[in-house]
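The whole structure should be built from the sequences, with the hints applied where relevant.
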Amino acid sequence: MRDAASFAVLIAVVAGFMVWASAFSTVYALFSLGCAYGWETPRPFGLPLWHAATAAGWLVHIIAHAALIAWTVRRFRARPATEPDNRRFLQVSAVAIAVLGLVTTLWTGAPIVLLSTCA
Amino acid sequence: MSLDPTRQRQVQELASLWGAPPGWRSLSAVNHTVVGIRFMVTAFVFFLIGGVLAMLIRAQLAMPGNDFVGPEVYSQLFTMHGTVMMFLFAIPVIEGFAIYMLPKMLGARDLAFPRLSAFAYWCYLFGGIIVVGSLLVGMAPDTGWFMYTPLSSSAYTPGINADVWLIGVTFVEVSAVAAGVEFMATILKVRTAGMALNRMPILAWYLWVTAAMMVIGFPPLILGSILLEIERAFDWPFFDPTRGGDPLLWQHLFWLFGHPEVYIIFLPAAGIISTILPVMAGRPLVGYTWIVCSIVALGFISFGLWVHHMFTVGIPHLALGFFSAASLLVVLPTSVQFFAWLATLLKGRPRMDLPMLFVYGFFFTFVIGGLTGVMVAVVPFDWQVHDTHFVVAHFHYVLIGGQIFPALAAAYYWLPHFTGRTASRTVGVIVFWLILVGFTVTFLPMHLTGLLGMPRRVYTYAPDVGWTWLNLTSSIGGFIMAIGFALFILDVVLQIRTGRRTARNPWNAETLEWAMPLPPPTYNIGSLPWVKSRTPVHDDPQLEDDLQAGRGLLATPRNGWRETLVVSMLDGKPEQVLLLPGPTWVPLYTAIAAAVFFGGLLAKTYLLSLLGLAAVLVCALMWVWDGGLKRDPGPLDIGCGATAVPHPAAAMPPSLWGLVFLLAANGTLFASLVFGYLFLWVVAPNWPPPVFVPVDWASPLVTLTGLGLGFAGVLRAAQVNRQGRDLGRQAWLLLASLGGLIAAAGFTVVPAMLAPPVQDHAYAAVNAFAGAYMAVHAVLAVVFTGHAFARGRAGWLSAVRAVEVRAAVIWWSYTAGTGLVTLAVIHLLPRMAGS
Numbered sequence: 000m001r002d003a004a005s006f007a008v009l010i011a012v013v014a015g016f017m018v019w020a021s022a023f024s025t026v027y028a029l030f031s032l033g034c035a036y037g038w039e040t041p042r043p044f045g046l047p048l049w050h051a052a053t054a055a056g057w058l059v060h061i062i063a064h065a066a067l068i069a070w071t072v073r074r075f076r077a078r079p080a081t082e083p084d085n086r087r088f089l090q091v092s093a094v095a096i097a098v099l100g101l102v103t104t105l106w107t108g109a110p111i112v113l114l115s116t117c118a
Numbered sequence: 000m001s002l003d004p005t006r007q008r009q010v011q012e013l014a015s016l017w018g019a020p021p022g023w024r025s026l027s028a029v030n031h032t033v034v035g036i037r038f039m040v041t042a043f044v045f046f047l048i049g050g051v052l053a054m055l056i057r058a059q060l061a062m063p064g065n066d067f068v069g070p071e072v073y074s075q076l077f078t079m080h081g082t083v084m085m086f087l088f089a090i091p092v093i094e095g096f097a098i099y100m101l102p103k104m105l106g107a108r109d110l111a112f113p114r115l116s117a118f119a120y121w122c123y124l125f126g127g128i129i130v131v132g133s134l135l136v137g138m139a140p141d142t143g144w145f146m147y148t149p150l151s152s153s154a155y156t157p158g159i160n161a162d163v164w165l166i167g168v169t170f171v172e173v174s175a176v177a178a179g180v181e182f183m184a185t186i187l188k189v190r191t192a193g194m195a196l197n198r199m200p201i202l203a204w205y206l207w208v209t210a211a212m213m214v215i216g217f218p219p220l221i222l223g224s225i226l227l228e229i230e231r232a233f234d235w236p237f238f239d240p241t242r243g244g245d246p247l248l249w250q251h252l253f254w255l256f257g258h259p260e261v262y263i264i265f266l267p268a269a270g271i272i273s274t275i276l277p278v279m280a281g282r283p284l285v286g287y288t289w290i291v292c293s294i295v296a297l298g299f300i301s302f303g304l305w306v307h308h309m310f311t312v313g314i315p316h317l318a319l320g321f322f323s324a325a326s327l328l329v330v331l332p333t334s335v336q337f338f339a340w341l342a343t344l345l346k347g348r349p350r351m352d353l354p355m356l357f358v359y360g361f362f363f364t365f366v367i368g369g370l371t372g373v374m375v376a377v378v379p380f381d382w383q384v385h386d387t388h389f390v391v392a393h394f395h396y397v398l399i400g401g402q403i404f405p406a407l408a409a410a411y412y413w414l415p416h417f418t419g420r421t422a423s424r425t426v427g428v429i430v431f432w433l434i435l436v437g438f439t440v441t442f443l444p445m446h447l448t449g450l451l452g453m454p455r456r457v458y459t460y461a462p463d464v465g466w467t468w469l470n471l472t473s474s475i476g477g478f479i480m481a482i483g484f485a486l487f488i489l490d491v492v493l494q495i496r497t498g499r500r501t502a503r504n505p506w507n508a509e510t511l512e513w514a515m516p517l518p519p520p521t522y523n524i525g526s527l528p529w530v531k532s533r534t535p536v537h538d539d540p541q542l543e544d545d546l547q548a549g550r551g552l553l554a555t556p557r558n559g560w561r562e563t564l565v566v567s568m569l570d571g572k573p574e575q576v577l578l579l580p581g582p583t584w585v586p587l588y589t590a591i592a593a594a595v596f597f598g599g600l601l602a603k604t605y606l607l608s609l610l611g612l613a614a615v616l617v618c619a620l621m622w623v624w625d626g627g628l629k630r631d632p633g634p635l636d637i638g639c640g641a642t643a644v645p646h647p648a649a650a651m652p653p654s655l656w657g658l659v660f661l662l663a664a665n666g667t668l669f670a671s672l673v674f675g676y677l678f679l680w681v682v683a684p685n686w687p688p689p690v691f692v693p694v695d696w697a698s699p700l701v702t703l704t705g706l707g708l709g710f711a712g713v714l715r716a717a718q719v720n721r722q723g724r725d726l727g728r729q730a731w732l733l734l735a736s737l738g739g740l741i742a743a744a745g746f747t748v749v750p751a752m753l754a755p756p757v758q759d760h761a762y763a764a765v766n767a768f769a770g771a772y773m774a775v776h777a778v779l780a781v782v783f784t785g786h787a788f789a790r791g792r793a794g795w796l797s798a799v800r801a802v803e804v805r806a807a808v809i810w811w812s813y814t815a816g817t818g819l820v821t822l823a824v825i826h827l828l829p830r831m832a833g834s
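Heads up: the sequence lines are chains Z and H, in that order. Numbering follows numbering that gives the first Met the number 0, with no gaps: position 10 of the first sequence is 9. Numbering follows numbering that gives the first Met the number 0, with no gaps: position 446 of the second sequence is 445.
If you're looking for bench data, these hints aren't it; they were derived computationally from the structure. Hints should not be assumed to be uniformly reliable.
With a straight-line cut-off of 25 Å between C-alpha atoms, the simulated DMTMM-like cross-links for lysine to aspartate or glutamate are [said to hold, decoys possible]:
(1) H/Lys531 x H/Asp545
(2) H/Lys572 x H/Asp538
(3) H/Lys572 x Z/Glu82
(4) H/Lys346 x Z/Glu82
(5) H/Lys603 x H/Asp759
(6) H/Lys531 x Z/Glu39
(7) H/Lys603 x H/Glu228
(8) H/Lys346 x H/Asp545
(9) H/Lys629 x H/Asp725
(10) H/Lys572 x H/Asp636
(11) H/Lys572 x H/Asp544
(12) H/Lys531 x H/Asp570
(13) H/Lys572 x H/Asp539
(14) H/Lys531 x Z/Asp84
(15) H/Lys572 x Z/Asp84
Note that the coordinates shown come from a computational prediction; the quantities given were computed from them, not determined experimentally.
Below, the structure is given as structure tokens:
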């Protein structure tokens, strides 16, 4: 396997936390921007716009996590073409990290449903 | 064992090939064993200096109203204690350990870039001398190891104290990033045959994640230091709120580095525990895969915690919630490792040897530090104890518990490897108890001192506030601990001079560093093994003899080359023979040139700095000119019926991976700059600026043309090179260089276009800095393409030997990508904001 493809496999193994990193940055950025610029209206679902935007950023990433978990389960079943014990190691790691990434996004974004203030 | 005469001659040749020259010329050595030991010894010297500073602090605080030192000296003491321990000991000692140990554990003869680790050492030494030397002349940094603005700005710290920190520490950070790049490329590519990812020693996983964190974690602070130094030297107001800057930007940049730093220190220490504990328990580590997952989790999550150092600065509650949640969550991956260690102990039969004592010391202290960490992760609790001695107690439990105890365990475990001799158990046990008791007496009461309200960084206190006996107790404990470390030094000296010769593999360990004579010869192992499992030494007790007898890979030296293997990333199949450089002065010269650059900045003699920079460039060109092949080579016999190509003829040699990882560090610095720009725009007071960059499409179009020409040119050069068209390659490289010059000119125009001047508003300052950053990269793109052109002209390139062209493509890809983002930020953002 070419090096670039091998490195892509490694990236896929840790993708769960890359999605989390994106989720964390997006949620923090949307919250900061929304509060700084006073995004209050319109009020989707009765929420201030900044809150709805932050929640939407969070939900989009949760969906991305779910898709990633499904993809890693399928992708690592037969590939990469390496020895069985190594493939098993990569498979377990990729799926576990994908699930851990989802748990991390759910947990670190949970304050969105608990607090609704820019203060 | 006895070797036949032929093999004896080969082994002697290997020893001379990999050896360092004698006497003062040994300073040109680049061998990882020599450089690693230098790193560790130097780090330990800095540790002793930091320890003496700690003792002075404790002497001052032992009694209320003490006039042992005044507030100014005290400020220097605590600032330097933190700076020395964090930047000059905690990280460099890990680097030194990894430089020494990694190749041995991976079954290699050296690291991927021996000259880079030698360069890293000299940068570390020179930077450290700048920082520590300032103590001798009474100009040491005195604004805390985190250098918060505005205290560290020129208005409140007008001398060079803060400059010493900014410049000296940045010099040391160059070393850390270099080491990070070195480790990442080495672990991925420079292993022995058969060492698939799942067969790597667990320590390699810890060090890979740590290295990645160094590569990503240090650049935000490097950027912050550059910006603060520019503000101090030239009055560009990045952190001045009256002119659109913000002191909180410094805090963000500092802690974006500062919190991952804690895990950069802890993870290798945990890796040491994961290596030693199974050996002491007499059974393999439980949960290898889960530990790898938890290391990755820790590496990522540690970048989401930085704001928990800023809970009291007025950030909105919901944002505090995000970071508090992340801070609490980090317990989970740490716990996974603890439970795996406990399970290993339960399933094995632990021996109470010296290293194991310190492992238990680690358990005892680090768990307490972890629990108080959970407490300060909870926002209301943090508000109560912020900036008190409770926090001082917490982080000493984490850092001493999380690094010093594992480091001492490592010292007693691997000292037989370094010295070939065994330690005295009696002295070691006394060392352990002195340090554990001293540590506990120092820092356990300090939690109470903090809860009673004693703030950090005060040089004295009144006798009637109830802190006296607690402080006195802490001071007594501190001196007990110091005696413990003094005895440790004595123990090491005694071991080196009088210790009994150690048996082969004295701990019955499983990893490859024990499959070599002790102390290890210059070439590490007589031949490289083809491993079949994670525990090669355990599987084959005769492995050392077989390897020394040449029954492995790369057993026979040829052409006077220093050879080691490069393998495929995932499954460890041999791919390339890496031809490594021998002793050379270039790393030292490059570091001296860099020292001239940094020294010029410190002395504010900028002409000298420019000369230093030019010298760095010349040295770098000398560096990359060396090596390569002038003819297309065929595959080389590596033994055991296998072949591999020499690395200059490989599609992706380790050097290109090194460049990719270096650019990852650079990209983080760039991303931090964009973050800083947006942060100031959104959060800082006194925005919008009075004047934006004027609407002018000519300048960005010229710059775009340059970027496009350069990038397309270098891509085309690589394409025609693959077709074997040397002339076409040279022509396209020239065109790409022209593109670089145009882009550099275009970006240089940015500061000139700005009105008002850069001193008037942070907006102008950030834009000017971004333009300068890109201009430098475009110039370096010219250097890359020019270098490839010159190498091609001298006959070093062909369709097969194309490393220099590929390097130029990689550099140009980065420059073009960041250039586009920079143009958008400079020219489109103001338009989008409606100006």
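For each hint given before, does the structure comply? Return the numbers of the non-compliant ones in rising order.
4, 6 and 8
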